[in-house]
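Each chain is listed here by its residues.
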Amino acid sequence: MSRATAPLSVAWDSADIPVRPAAHGALEQALRAGRDHGRKLLVPYVTGGLAVDGGDWLDNVRAVVDAGADAVEIGIPFSDPVMDGPVIQEASEVALAAGASPATILDDLRRADVGVPLAVMTYYNVAYHMGHERFAASLADSGVSAAILPDLPFEEVGPWATAADAAGVETVLLAAPTAPDERLPMVCARSRGFVYAVGLLGVTGERDALASSALDIARRLVAVTDTPVLVGVGISDAAQAVEVCSVADGVVVGSALVRRLLAGEGPAGAAAFIGSIRSALDASVD
Amino acid sequence: MALADPGPSGRFGDFGGRFVPETLVPACQDLEKAFRAAWGDPEFHSELDRLLHDYAGRPSPLSDCDRLSEELGVRVLLKREDLNHTGSHKINNVLGQALLARRMGKKRLVAETGAGQHGVASATAAALMGMECVVYMGEVDIARQALNVFRMQLLGAEVRPAMSGSRTLKDAINEAMRDWVATVETTHYCLGSVMGPHPYPWMVREFHSVIGTEARAQCDERLGGPPDIVTACVGGGSNAIGIFSGFVDTDADLVGVEPAGGAAVGRGVPGVVHGSKSFLLQDEWGQVSEATSISAGLDYPGVGPEHSHLATIGRARYESVTDAEVVEAFSLLSRTEGIIPALEPAHALAWVSRDRAELAGKTVLINMSGRGDKDVAEMMEILG
Chain A
2 MSRATAPLSV AWDSADIPVR PAAHGALEQA LRAGRDHGRK LLVPYVTGGL AVDGGDWLDN
62 VRAVVDAGAD AVEIGIPFSD PVMDGPVIQE ASEVALAAGA SPATILDDLR RADVGVPLAV
122 MTYYNVAYHM GHERFAASLA DSGVSAAILP DLPFEEVGPW ATAADAAGVE TVLLAAPTAP
182 DERLPMVCAR SRGFVYAVGL LGVTGERDAL ASSALDIARR LVAVTDTPVL VGVGISDAAQ
242 AVEVCSVADG VVVGSALVRR LLAGEGPAGA AAFIGSIRSA LDASVD
Chain B
89 MALADPGPSG RFGDFGGRFV PETLVPACQD LEKAFRAAWG DPEFHSELDR LLHDYAGRPS
149 PLSDCDRLSE ELGVRVLLKR EDLNHTGSHK INNVLGQALL ARRMGKKRLV AETGAGQHGV
209 ASATAAALMG MECVVYMGEV DIARQALNVF RMQLLGAEVR PAMSGSRTLK DAINEAMRDW
269 VATVETTHYC LGSVMGPHPY PWMVREFHSV IGTEARAQCD ERLGGPPDIV TACVGGGSNA
329 IGIFSGFVDT DADLVGVEPA GGAAVGRGVP GVVHGSKSFL LQDEWGQVSE ATSISAGLDY
389 PGVGPEHSHL ATIGRARYES VTDAEVVEAF SLLSRTEGII PALEPAHALA WVSRDRAELA
449 GKTVLINMSG RGDKDVAEMM EILG
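Quick note, the sequences are listed as chains A and B, same order.
Be aware that the first sequence starts at 2, since it is given in this note's numbering, and climbs by one per residue.
Be aware that the second sequence starts at 89, since it is given in this note's numbering, and climbs by one per residue.
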């Protein structure tokens, strides 16, 4: 039986990936300014369109901003969120069942002025299906500064990043504990807004204790980039946020907040939880 | 043409790629490297060939179907993957991947399964090689494929239900990927079809190319050359790409048969889910649709990227059949040939049977990708 012998090279041609624009966008400007003032950065994640008791979901966003968020990540729910654990999955299903779509969420955001930069977090097919240019333009038009697409890794980011850069939308890339050392500078050099450090091996969700991998990846990243490094995935409470911010520039807090929203705690509960993290982070740098 | 190496970018024309969370990128790169090395290593091939021969029972026979051919007015031959150990073509791929996992030092396999055939094959390979095995299966499929669930458990695997979304194959893949994101350092994801991130669509095709290679030689001997048509069912499309690979450089028509409720090539548009770009059933916002099919193994809204490529360049075409046509074909083959097919390959026969007027006088090779034991309980309710 004859078989083709495959070449052993696995080299990748990154020529199609545009160089990151020199100018910082609104998200990165705000996060750098906060860091320069000695502040630890706090970015809560709110599922777009999730209003458990029939209220206005934007009230959750306003509540976390009032409680001290430096920026807010807005989830556009996707049917197959492979990077998300049970809490974000459930929130996505609830929001989708309530009629949330990219259009309704971006329309709502267009009418809101929350006072801090916004980043949408969704999966690549949402952008791909709408068309890169159109999706990037709708984000810009809705006042959204940045996009986080967790299933669009560095090697595949070219076509989207080209459209996003042209529309002035920052593309935040993720950096994971599994990355070999030589990969991190490449990812950081293309990430805009901040570098999203994945705190552990696993999907989004709360954990009892901070994973040691969270401190490790933060250390490895701050050593190779000047872009703000925020750790997300598994950051569950104020103590964990403070611990990881001994190295990182800030944290993204998702499931721990969304679990409270799903439980019906509403804007008041969201504000209390995010406020507790804000106070602890501020106290840690005094 | 021959089916190509998709290169470092994992592309089949515009389709394929590696759209996975950053956490998994290094694992996919390592897997690609390990597969390239193994596939160029005669020792790996001799080990795999030995297992395929001594353990799985290859080569599988080519069966002429005299009574069926007479009834349809079409000469039908079956490539008998149903006679492999574990009852389907799936064993070809899992033996390859399990050997590869062992070479990579991985001691644990995770797999997704729809009808349970890939789950049973994965559990079998894990038992053979002393590995731990976890199989994710949609809650709906667990209910309709109870026999295969028990088989997996007998083989020492743990079956975990996927409770989200449509609770079928699509959701089992989501759960398997989530598991892999958390366990990637010790675990190999034993993906069961020609889909997912690069190198899976290519690697799984290569492990199933043995079907096409054997069938080509058997047709040369039996028919003096290739048949007029080579056909197979398509969910993700692994058995189809396996048999197509042996005939893509001939004049034979290649026909994939999708379920009407999961016709990704027939009714989908390009999209990205589960690691690659391919035709996909989705709504106006890119939310993935839920497929519906009598066959748990084909109940999937996407399709392997190389099928999207073959359809786009016109080298293969894709038909679809209804559940009712499949039930009829299931009975037809049982009655005329004494072969109870799995519901999946019954799709291919259903197309041949429905379009027999158009196919009159031709020679058609059907990949009989699995046997129907697992479907008998469900068919008892439908036909009984």
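Because the hints were derived from the structure by calculation, they are not lab data.
It should be emphasised that the depicted structure is a prediction, and the values quoted were computed from it without experimental measurement.
Mixed in with the good hints there might be a few duds.
[What the hints assert, rightly or not] From the structure, some residues in chain B lie toward chain A, with a derived Cβ separation under 7 Å:
(1) 107
(2) 109
(3) 110
(4) 111
(5) 114
(6) 242
(7) 243
(8) 244
(9) 247
(10) 248
(11) 249
(12) 251
(13) 262
(14) 335
(15) 336
(16) 468
Backbone N, C-alpha and C define an ideal beta-carbon position, used for all residues, glycine too.
Hints violated by the structure (listed by number, smallest first): Checked against the structure, the hints that fail are numbers 6, 7, 8, 9, 10, 11, 12, 14, 15 and 16, while the rest are satisfied.
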